[in-house]
Amino acid sequence: METVEEYLAAQPETNRVALDRIRRIVLALLPGSVDRISYQIIGFRYKNKNVIHISGWKDHLSFHGFSVSLGNELIAKYPQVLKLKGRTLHFQPTPEIPEALVNELVLARAFEIGV
Numbered sequence: 040m041e042t043v044e045e046y047l048a049a050q051p052e053t054n055r056v057a058l059d060r061i062r063r064i065v066l067a068l069l070p071g072s073v074d075r076i077s078y079q080i081i082g083f084r085y086k087n088k089n090v091i092h093i094s095g096w097k098d099h100l101s102f103h104g105f106s107v108s109l110g111n112e113l114i115a116k117y118p119q120v121l122k123l124k125g126r127t128l129h130f131q132p133t134p135e136i137p138e139a140l141v142n143e144l145v146l147a148r149a150f151e152i153g154v
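FYI, the numbering for the sequence shown is 40 to 154, going by the working numbering.
Don't read these hints as lab results, they were simulated from the structure.
Simulated pairs of lysine to aspartate or glutamate, DMTMM-like, Cα-Cα distance not exceeding 20 Å: (1) 97 <-> 45; (2) 122 <-> 138; (3) 88 <-> 143; (4) 86 <-> 74; (5) 116 <-> 143; (6) 124 <-> 98; (7) 97 <-> 52.
Distance ranges between label pairs, derived from CB positions: (8) 56 <-> 153: 31 to 37 Å; (9) 77 <-> 150: 19 to 25 Å; (10) 119 <-> 79: 25 to 31 Å; (11) 131 <-> 87: 31 to 37 Å.
By construction, the Cβ of each residue, glycine as well, lies at the ideal position given by its N, Cα and C atoms.
Make a model of the complete structure from these sequences and hints.
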């Protein structure tokens, strides 16, 4: 897949809806950011830095790119929604992840990398 649209089209409907919603939230939160396929998943570049990546899998969705310490902090705060595996946060496509949580994740990651 070469485009974000192709990636989304290849996802099951539940994943596609959830990932597209998150995509729109991130793009609105980081004005001037660009979404693209990076590492075969959806990545968001802002101020010349890769801020965050999202992906869909058979049994979960993921946010990629967090440090282990930030990931641990976030799962301690939201254990009912997030699970951590390495540097990846896993969550379910339904129920919908709250927009405020997506905002918090993205801004925490942006702060972590200094943008």
